[in-house]
Amino acid sequence: MINRTLFDNTINALNTSMNFRMMNQDVIASNIANADTPGYKAKKLDFETQLKVAMNVDGSHSMKADDKRHFVTANGGIKDVRGNVYFDPRMNIRNDLNSVDIDAEMAEQAENEFLYNAAAQIISKKLALLKYAVTDSGL
Amino acid sequence: MSFLNSLKISASGLASQRTRMNAISSNLANVNTTRTPEGGPYRRKDAVFETTDVSEIFGDVFQDKVNKNFQGVKVSEISEDPRAIKLEYNPTHPDANEEGYVALPDINFIKEMVDLMEAKRSYQANVTAIQTAREMALKALEIGR
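Quick note, the sequences are listed as chains A and B, same order. Per the working numbering, the first sequence starts with residue 3, numbered consecutively. Per the working numbering, the second sequence starts with residue 5, numbered consecutively.
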């Protein structure tokens with residue numbers, strides 16, 4: 003249950019974003035470690051599209067799946083966002099059928115780290131604001 | 005979400021690249037070797053990479069955290085090519101055969117150096133991945149400080 007009074011939607015979205023960025027680091031590390039493995043195909047993680055959809059939905063009316071075969075999409079709100087790990091569709095495959103582009107992976111990693119740090123900082127600032135409002139600020 | 009998984013994956017990359025570097029160094033050192041315990045000249049060695057579940061490397065069999073999306077790498081075997089020899093005419097060599105040809109390892113310096121540079125670059129990339137994962141985790145500790 004999302005606590006609407008203390009943690010608003012933004013903090014939940016940032017929390018989800020940070021979790022998935024950590025998972026993205028795993029995917030990128032896996033690609034980098036397997037950059038020389040014959041036959042390995044690079045993977046990518048996508049969660050931004052689902053998160054964007056979930057941000058527009060009021061999370062208190064989540065849709066539950068009646069049948070186990072139904073997918074619970076992000077219509078359930080932020081807490082139901084599922085990341086999607088897929089094979090990178092880029093086509094530069096080498097002779098040993100390895101498709102990892104190590105420069106692209108390094109750039110992706112830098113961007114991932116930056117966005118993770120940014121989300122951590124924003125959460126810190128929001129909590130600092132709450133703390134300022136709660137403590138006796140001299141008024 | 006455990007960040008230790010990321011460290012294990014990158015560590016497996018480091019270990020594999022180091023094994024590959026050992027194979028390359030062995031090739032470079034044995035460029036003129038004509039006698040080996042198995043008989044015949046030295047054969048060029050090559051490390052064969054294979055994806056692996058990270059939990060297998062570190063014996064983490066009790067935890068059922070195997071996620072097929074994140075896989076580390078391991079050296080499945082050090083392969084030797086039995087045909088990688090070249091014959092050189094040198095009848096005064098003690099290992100020359102009846103026609104005067106000596107069997108030497110077919111090791112190309114340029115190829116070995118290029119492989120060495122590639123192994124070094126992959127090693128550095130894995131080191132950066134470890135540092136990034138560590139910095140991300142440390143940054144998360146600063147929330148609410």
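Don't take every hint at face value.
[Stated by the list, open to error] Here are the simulated lysine to aspartate or glutamate pairs, EDC-like style, with alpha carbons at most 20 Å apart:
1) Lys45(A) x Glu54(B)
2) Lys115(B) x Glu146(B)
3) Lys128(A) x Glu146(B)
4) Lys49(B) x Glu122(B)
5) Lys115(B) x Glu50(A)
6) Lys124(B) x Asp105(A)
7) Lys127(A) x Glu122(B)
Honestly, the hints are just simulated from the structure, not real lab data.
Do the hints match the structure? See the list:
no.	hint	verdict
1	Lys45(A) x Glu54(B)	holds, 16 Å
2	Lys115(B) x Glu146(B)	violated, 47 Å
3	Lys128(A) x Glu146(B)	holds, 13 Å
4	Lys49(B) x Glu122(B)	holds, 16 Å
5	Lys115(B) x Glu50(A)	violated, 43 Å
6	Lys124(B) x Asp105(A)	holds, 14 Å
7	Lys127(A) x Glu122(B)	violated, 43 Å
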